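Novice: For reference, the chains in residue letters:
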Amino acid sequence: GAVVSQHPSRVICKSGTSVKIECRSLDFQATTMFWYRQFPKKSLMLMATSNEGSKATYEQGVEKDKFLINHASLTLSTLTVTSAHPEDSSFYICSAGQGSHPYEQYFGPGTRLTVT
Amino acid sequence: AQSVSQHNHHVILSEAASLELGCNYSYGGTVNLFWYVQYPGQHLQLLLKYFSGDPLVKGIKGFEAEFIKSKFSFNLRKPSVQWSDTAEYFCAVNLLRGGYNKLIFGAGTRLAVHP
Numbered sequence: 001g002a003v004v005s006q007h008p009s010r011v012i013c014k015s016g017t018s019v020k021i022e023c024r025s026l027d028f029q030a031t032t033m034f035w036y037r038q039f040p041k042k043s044l045m046l047m048a049t050s051n052e053g054s055k056a057t058y059e060q061g062v063e064k065d066k067f068l069i070n071h072a073s074l075t076l077s078t079l080t081v082t083s084a085h086p087e088d089s090s091f092y093i094c095s096a097g098q099g100s101h102p103y104e105q106y107f108g109p110g111t112r113l114t115v116t
Numbered sequence: 117a118q119s120v121s122q123h124n125h126h127v128i129l130s131e132a133a134s135l136e137l138g139c140n141y142s143y144g145g146t147v148n149l150f151w152y153v154q155y156p157g158q159h160l161q162l163l164l165k166y167f168s169g170d171p172l173v174k175g176i177k178g179f180e181a182e183f184i185k186s187k188f189s190f191n192l193r194k195p196s197v198q199w200s201d202t203a204e205y206f207c208a209v210n211l212l213r214g215g216y217n218k219l220i221f222g223a224g225t226r227l228a229v230h231p
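Residue numbers (the numbering used here), protein chains in the order written: chain A, 1 to 116; chain B, 117 to 231.
Only chain A is shown next, with the shape it has when bound in the complex:
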């Protein structure tokens, strides 16, 4: 149980375009979803927290207009990187928490974004 999927697993896009990454909880309802960014050989940095039906809470230094997060249902959250630039190239990971165990997070496999 507690499986989280992400799509796509890899994406290459041109500078200036937008890219949408989906995060789905497959076998549970995720009241909260989290988006992380992982730099090479570095740890995960929390970008934002989203609760179903409400606006995401962004961490300090994360541009909310650049990284649009939508959590429209209890099983789906999306991260859209708008007007992507090469410095946005990274590994983006989502996680989801269940209402009954709010302090546990289940991680997706990640999405490798490369902006050319």
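Calculated from the structure, these hints are not laboratory results.
Treat the hints with care, since some could be wrong.
Pulled from the structure, derived: some chain A residues nowhere near chain B, Cβ distances all over 12 Å [claimed, not checked]:
1. 14
2. 16
3. 18
4. 28
5. 29
6. 43
7. 59
8. 63
9. 67
10. 73
11. 74
12. 78
13. 90
14. 108
15. 114
If you anchor each label on the Cβ, the simulated ranges turn out as follows [as the list claims (entries may be wrong)]:
16. B:156 x A:51: 29 to 35 Å
17. A:109 x B:121: 26 to 32 Å
18. B:118 x A:109: 43 to 49 Å
On a predicted model such as this, the values are computed, not experimentally measured, just so you know.
From the three backbone atoms N, C-alpha and C, an ideal C-beta is built for every residue, glycine too.
Got chain A; can you put chain B on it based on the hints?
Specialist: Chain B only, in chain A's frame:
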């Protein structure tokens, strides 16, 4: 600011050697503690967690960790590692403040086990 420190960035061991990975956090309040593992090409998986109770917690694949509150530590141990334990290990702390739910990760320790 709250932080999580993992002392070893790279660890190289031979099979059957014992493993201890250090993790310290800086936060004086109530915390939940986690160790995650990321095998090459795979996603993060939970190894073990501490919420309350017995400070010595046992996880999957023979791993255990001990929460020492006075030292703000949550070190990961395994008595005898295997080649398949080659992976990156992340310590994480969940700060519990009025329902605020945020995982703070350490920088990770890359473990290489040689046969």
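Novice: Give a verdict on every hint.
Specialist: Results for each hint:
Against chain B, the non-interface label of residue 14 of chain A holds: every CB pair exceeds 12 Å, the least being about 26 Å. The non-interface label for residue 16 of chain A is consistent with chain B: the shortest C-beta to C-beta separation is roughly 30 Å, beyond 12 Å. Every C-beta of chain B lies more than 12 Å from that of residue 18 of chain A, the closest at about 25 Å, which supports listing it as non-interface. No beta-carbon of chain B comes within 12 Å of the beta-carbon of residue 28 of chain A; the shortest separation is about 15 Å.
Against the 12 Å criterion, residue 29 of chain A stays outside the reach of chain B, whose nearest CB is about 16 Å from its own CB. Once the 12 Å rule is applied to beta carbons, residue 43 of chain A is inconsistent with being away from chain B; the minimum gap is 4 Å. At the 12 Å boundary, the C-beta of residue 59 of chain A falls inside the reach of chain B, the nearest C-beta of that chain being 8 Å off. Residue-level check passed: residue 63 of chain A sits 19 Å from the nearest beta carbon of chain B, beyond 12 Å.
Every Cβ of chain B is farther than 12 Å from the Cβ of residue 67 of chain A; the closest lies at roughly 17 Å, confirming the non-interface assignment. In this structure residue 73 of chain A is separated from chain B by more than 12 Å, as the shortest Cβ-Cβ distance comes to about 19 Å. Interface exclusion of residue 74 of chain A from chain B stands, the closest Cβ pair being 16 Å apart, more than 12 Å. Every C-beta of chain B lies more than 12 Å from that of residue 78 of chain A, the closest at about 18 Å, which supports listing it as non-interface.
The Cβ of residue 90 of chain A lies farther than 12 Å from every Cβ of chain B, with a closest approach of about 15 Å, so its non-interface assignment holds. The non-interface label for residue 108 of chain A is inconsistent with chain B: the shortest C-beta to C-beta separation is roughly 6 Å, within 12 Å. With a least beta-carbon separation of about 17 Å from chain B, residue 114 of chain A lies farther than 12 Å from that chain, consistent with its non-interface assignment. Checked against the given bound of 29 to 35 Å, the beta carbons of residue 156 of chain B and residue 51 of chain A, roughly 33 Å apart, stay inside it.
At about 27 Å, the CB distance of residue 109 of chain A to residue 121 of chain B agrees with the hint of 26 to 32 Å. A hinted range of 43 to 49 Å is violated for the C-beta pair residue 118 of chain B and residue 109 of chain A, which are about 27 Å apart.
Going down the numbered hints, you'll see the structure goes against 6, 7, 14, 18, while the others check out.
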